[in-house]
Every structure is written in structure tokens, then in C-alpha cells.
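Chain A is fixed; fit chain B onto it per the hints.
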Amino acid sequence: MRNTILFYLAAVGCLTGISQAEVPGVIAIRNTRIHTATGPPIQGGTVLVRDGLIEAVGANVAIPADAWVIDGNSLTVYPGLIDALSRWGIPGAPSGAAGAGGRTPSLDAPSPLADPSPGPVPILGPAPAAPPARGPEDRPSNSSWVRAQDLVRATDRSIAAARSAGFTTSVTYPASGIFAGQGAVINLAGDKPGQMVVAAPAGQYHSLTVRSFSSFPGSLMGVIAYIRQVYLDADHYQAALKAYQANPRGSRRPAYDRALEGVLESPRMLLPATRAVEIDRMIRFAAELKRKAVLYGGHESYRAADLLKKTSTPILIDLRWPERPRESDPERRDSLRTLELREKAPGSPAALAKAGVAFAFYSGGLERPADVRAAVRKAITAGLSEEQALRALTLAAAEIYGVGDRIGSIEPGKIANLVITGGSLFDESTKVKFVLIDGVKYDPAPESTPPTSSRTEAIQ
Amino acid sequence: MKKALRWAVLLAPLAAFGADVLIQNGKIITVTKGRLDGSILIRDGKIVEVAEKILAPPGVQVVDAGGQYVIPGIVDCHSHIAAESINEGSVSVSSMVGIEDVLNSEEVSIYRALAGGVTTANILHGSANSIGGKCSVIKMRWGKDTAGLLFEGAKPGIKFALGENPKRRGDADNLQPGAVPRYPATRMGVEDVIRQAFTDAKIYQAEWNDHRAKGGNTLPPRRDLKLEPLVEVLEGKRLVHAHCYRADEILMLLRVADDHGFKIRTLQHVLEGYKVAKEIAAHGAGASTFSDWWAYKVEAYDAIPFNAAIMHKKGVLVSLNSDSAELMRRLNTEAAKAIKYGGLSEDEALAMVTINPAKQLMVDNRVGSIEAGKDADLVIYDKHPLSNYAKVQKVFIDGAMYFDRDKDLSDRAEKEARRKALTEQQRQQQKKTAPAKPAARRPA
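Same order as they appear, the protein sequences are chains A and B.
Following our numbering, the numbering of the first sequence begins with 105 at its first residue and continues without gaps.
Following our numbering, the numbering of the second sequence begins with -8 at its first residue and continues without gaps.
Derived from the structure by calculation, the hints contain no laboratory data.
A portion of the hints provided could be inaccurate.
Label pairs and their computed distance ranges (CB to CB) [unchecked claim]:
id, chain 1, residue 1, chain 2, residue 2, range
1, B, K146, A, P429, 43 to 51 Å
2, A, S416, B, R186, 46 to 54 Å
3, A, E241, B, S315, 55 to 63 Å
All C-beta atoms, glycine included, are put in the ideal place defined by N, C-alpha and C.
Isolated chain A (complex conformation) (with noise of 0.2 Å):
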């Protein structure tokens, strides 16, 4: 049974040239493993999928007539991975992914969007050379009002390699810059762009990243100071345009400033905090500006569970853990703190956990199905728990974002968003059968598509 219906499966791929199929409204998944992300296990049980919401999930579903019945005796249904920090679906973003500012400010590349100078802003166009900033007035790298929900295309190549890892969504953010711009809520799928988009914006993305003294800022504490400055200007711009609307006779309209107004539009700063000092710095700069924060990068987080705890501040952990460089120096001397960071940075997932810290995974650039489910597995090692690895994949990264209301797990009513493995997702050997999107069926591409990003730039 389950041969004919791959069979057919290759059969349409074959004939339509993609690696995908459209399939009836109605999937029954049955007689198979499922792991929820919110209970226990469901042994030989069903999970039902009708018009792109999951209708039923548990060992006694009725599957109606009209269902397509797939056979789940050798499969295992999660739900649909998500990666909580992203550059997937935007075309010409640097596939190098989110890169943590601080130490890595290489894999920042310069943003075409951020583009300090006024007028129209050519999109994903080259941008004109601008002028110097010459102060935070000047905006630089400043793109705060772009949206990614407008730039993400669901042909873009980077969907494919990520469905095939067993991602369904991706928190997609504009390329990088100090004001990069609002992030979405994607699902790797859709005709049309719109249809991608499960919930905008998400949050303001920072990076940190210095350029040199010939334009402001130039420096970290620029940066930093330069960020305190706008969101104080957002705060009295709103200020301002409140006073003018409640009485705009007799009073000088404020002049409408798109930075600002990309500003007050996002419900979150994403800040980057890698190491302890960095975490700490980011809880608190966040909170002086009165603004809810998601920092990301992580690594050292392990020494900052009880404060990310106290304070209610989610972390984004990426998922590229720090490695001794290839082809390095054999004589390469690294210092105690470097290495017990390399040594020790798997283990803070499993710290977050157990201090109770809201952590979600992002895939940091790694491409390949296998070397994201070795990171997984690195964690794992270090003492994270297999649920709470499945959870940071998926339902915790949806609450951090608050979408936990629909996606995230297999729950009645959710977004039908699952992947579909022939074992554990986190053993080295299993493979991906297939993802559903909103109920629509994906089959990978094949496992050995070379990855689009150098693996050896990707790493410190």
C-alpha cells in the first residue's frame, strides 16, 4: 500500500519536474509514532489533516471516506521545524544566515537595504554610495520599516535545502544591519508570497556591526548609543504625533520619519548576545528602553540561565557551535576561555532548560539536513532531553514569537505544518520522508545536494 502510494508520488514528481506534489484537501496519517511537542508519544495513532489545519490527532481518529490514507507503520510525525532566526526565503540574502554581532561582525555583510540616504530605496537593488553619517540623526544602516513578509518569495532556493532538514517555517529576517528590519513568520511554502506568511511583523532585527570611522557609528558604544537615540526618538515621535492629532489646528505637524515608524511597528528588539557579558549587557539595555527583547547567538548562555531567568528574557540559540577553526595553525594557542567555550557551549540549551529560560534553536547558516541534526544531537549529548529538543525546534520558538496559538505542535485546530521521518529526527541515519505545509505535501529534495553556503566561513 504505502509502496503504490510512492510510487505515485515519484510518478507525479516525475511528470510535473518537482519535487512536489499536491495532494486532497483531506490526509489521514495512521497507524503511526507521533510526537506532539505537547504530551507523551501516541503510539499506532492518527493524525488527521483537513483543508491546511491539523482536525484530529490521537489513537482513535475516525478517518472519513474522503481522506487520503498514507500509512504510517515505519514513519514518525513531528511537527513542522521551525527556525527561529532566518534568512530563508528572501532572494539575495546572504545564505550565511543571522551571524550573533559582537565578535562576528564579518558575517554581518553590509545590507543593500540599509541605505542612510533619502529619497526612494531602490528594492534589493544596488544602493547609491551614501554620504557619511555623521550622527544618529543621519540614520545609518537603517532599513527599520522594510518587512520581510514583503521580500520573501517561495521560489527562493534556500526553501528547499531547509524543507528538506524537516523545517516547514522560518522567523525570516531582512539582511543584516544595525536597523535591519521587521521579521515574519514564514511557512517554506506557499504559491504566491502572500500565502507564506503566517504572522508579521515579528521583531526589529539588530546587529551590532562596526563599520570604520569614516561614518558614525564607528564604534560598539556608537552602536549602542545610536540605537538608545532612535528608540528615544520613536518614543517622543509617537509622543508628538498623539499631541498633533488630538489638536492639529493651531499646532506644526511632526514630519513623518519612516525609521521611526518601522520602529513603533515592531513588537520586539532581536538583539544578538553571545557571551555571558553580552547577555547581560543586551537584558539590560533592553530594559532601560522599555522595550521587550529576544536575544540571539547564545553560546555562552550556560553561565546566564538564573539572570535570562529572573528577567523573563527568551534566547534564540544558535545552532553553529563554536569550533576550532579548519586547517588551522597546528601551534594555534587558544586561551582556557575560548576552549571551555567550545567545549561548553552545547551544553547551554540544556542549562536554559533546566532554570526554565524560554530558548528556541536557529539554524545559524548550517544547510545540510545532517549537520543541523548533529548540532541537535550535540546538545542532546550535553544533557538536553529529547522533548525539550523537539520543543526548542519548534513549539517554543512559536511562543517566543507568540504564534504558539497556531503552529508549533500537533494539536487540533493548529496549522497542518509537520515532518514526517523514518525514525527519531534526531538520530544520525533517519531520514526525511516528507513535510506537510499547510496540508500540502512536500517530498526533500535528495539528500545529496551539495550545501549553497561554505561550511568552513561558517565558522568562527
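Relative to the frame of chain A, chain B by itself:
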């Protein structure tokens, strides 16, 4: 030595001590109240008694100084350690930035400063700008978080700079085509920039005063983080630390300050200060200078090693600073040079790295000398602290021990062994996970 120190990093203070400590059998140099052979009693981080004989109260932790020297913790009025950036060099007025935003409590130079007997330092913004960024006074509380470093209650400061550095035109060699290099390019321009900034600050101050006078019910003015610190300077709430070299620019700055009604708290480097010492004293500015460093740049040619002593004798409050993570570790011998060159007394010389910089930073009610009521920030040296054979044995801050030379030495072997083991382990891991060769293409 330096290499060995790098690995001898202690990640937590040695502060196993409770609140009460009695240091016995020390040759105590109080700096302000003479010398004595005796004991220091510490309670709740404060010095409560200094006397020849103090009976150990029950439960007190006794430290035997073994006849060694005890001095107050060294204060460095000019340092750039423990910060992840120093200069916001893109603009001539960078008062919107501040060191506090980029303090790194885990930078190893903090520990090294401790090993040199420094317990308090003024962490300054760099000198690339006529008006630079905000400064932070810190204590070397190695192992605490960033907030734990800050010298609580210390008046905030700001860096100014005159002369060659601020008149460099930004990153002029790397400007984008058509871009204009940074203003100013001359000393005249530096003066202009400072005057203009304070003119702007006064307008801004007036806007806020006007708003407050109206009862604060209207829309407040936009906060300007560049001008706010300058208003604080005008209102005496922020100390100005001005980098300078030449006598003419020193006089210029004092005039600008007098014209705008604010004070220069310290002149930093001030290598030609001996030429205008009376004028400096009349303004009430302190001088924080080098002992005998000169000729490293065009404006440092008229320096003399008697600078500190001459300014001191003309009534200027003088300190000796390091401006360097390395020199910071031996400020005691920098002080000794003032004896050689200026004929100062030992106490006068030591004051230049303890109580004088503490006064300049307005923290002398807390640190800078060994007196009852002050913070228990103390250094034990094995030899006379003005000797270049003296080594720091123990350092206390707020009564807690943050450096112990014996422990440092005994920990080194273990740390080096761990470093080697981790290096080897990670080298092996790397071999194991070497990227596989691209899979051979399957036959169709």
C-alpha cells in the same frame, strides 16, 4: 611572566572572606596619616581601625602581613582597559557614547591591574574627538558582572581632547569618493567645535528649563543624547577629563571653560603643564600626567620629567597615570620617579597614585588612603612599594581578597594542563568530523 599570567586567570574573586578581616603585622603606609607598624581591622568592607595593636575580635579572619608593606589600593586616573571599544572616531563630538555601554567585566587586564595593585581606575573614552564619550570609574572587582565593576556613587565624567588627535580628520584615507573629511583639521578648529557644542548645549538646556517652567504638561523636547552630557557639565554634574599636551591649548581650554561657566576637572597627559602650572591651579583643574614618557609624538617634545613635581609645588593637584594596560601594572614605580626627578617625599610620591587621583575623581571620601571609615581597598607588597623589586602579594577590595599571588602561582600548572587537554580534545574532534569528500555520483 606575561604569558604565564595570561593563563593564571581566576574566574571568581578569592573572596572567601567574611565581612570581618584583621590584617596584622604590617608596615602600614596610610599616605595621609603617616606610617605605623601594626594592624588594620576591616568590617563590612570598610576600614574601622588602624592601630599598632588591635585584639582580634571573635570570628574575624586574620591575615598575617608578615612584616610586609600595606598601602591603599592604587587609583589610575587614566585607563582604557575593560572596554570593548574606546573611540567613536567618526564625529568630532561623540558625547552620546559611553564606556559603561561596552564595559567587559571579563577582560583579563582587570586581573592584571589587580596584580599590579590597582583597585580603582577611570576608564576613559579615547582621544579622537574634541569632545569624546562618557567615562566610567570602576573598581577591579574581578569575577563580578559589569554592574559590579562600577564605582557606585562616583560622579560621571566625560573625555575632551585637544591637539593632534582630534584634529586628525577621521578616517580620511578611507573616505568614500566625494565624502568630506571630518572637521576640525587644526587646533583653532578644535576650539571652535567645543565652543559650538556648548552653545548648542545651552540652547538645549534652555528648551528643557522652559518646558519645566511650564509645569511639564506640554510635549517635552526631544531628548538629545549628545547634548545631555554637556548640559550636565554646565550644571556641574559631570567631570571633564581633557587630554592635552601643549601650554597654548591648555590655556585655550581653560578660557573656553571660563567663558561658558564650567570647570575642567583634570587635564590629562598635560606634558607642558609645568609651563602654565599657576594658571592651571587658578582654574582649579587637576593634572594627571606621565612620569617620564615623551617625544613619542610631535606635541610631546617639550616634556620634562620634573613636570609632576613642578605642578605639585605650584599648587596643582597632580596624579600619575598609565594610559596603558601594561604600565598600569607598575604605577608604584611610576610614582617613585617623582622622587628621583622632583625630590618629592615618599608620601607625596605615593599620593600621586592613590589619594590625589581619588580626589581628582571625587572619590577620596571612599578610597585613596588607609583611614578609618574608608573602603578596605588595600595592597600588600613584599618590599617597599616604591622599589622596583616590590611584588604585589595580596589585594583587597571592599575587604574581600581579589588577588593572592600564592594562589595564582599554585593554580598555573592546573590551568595549563586543562588548556592542553582541551586543545588536544578539540583537535581530535576536528579530525573526526572533517567534512566528508563529496559523494561519488550514483550511476543513473
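Looking back at the numbered hints, which does the structure fail to meet, lowest number first? 3
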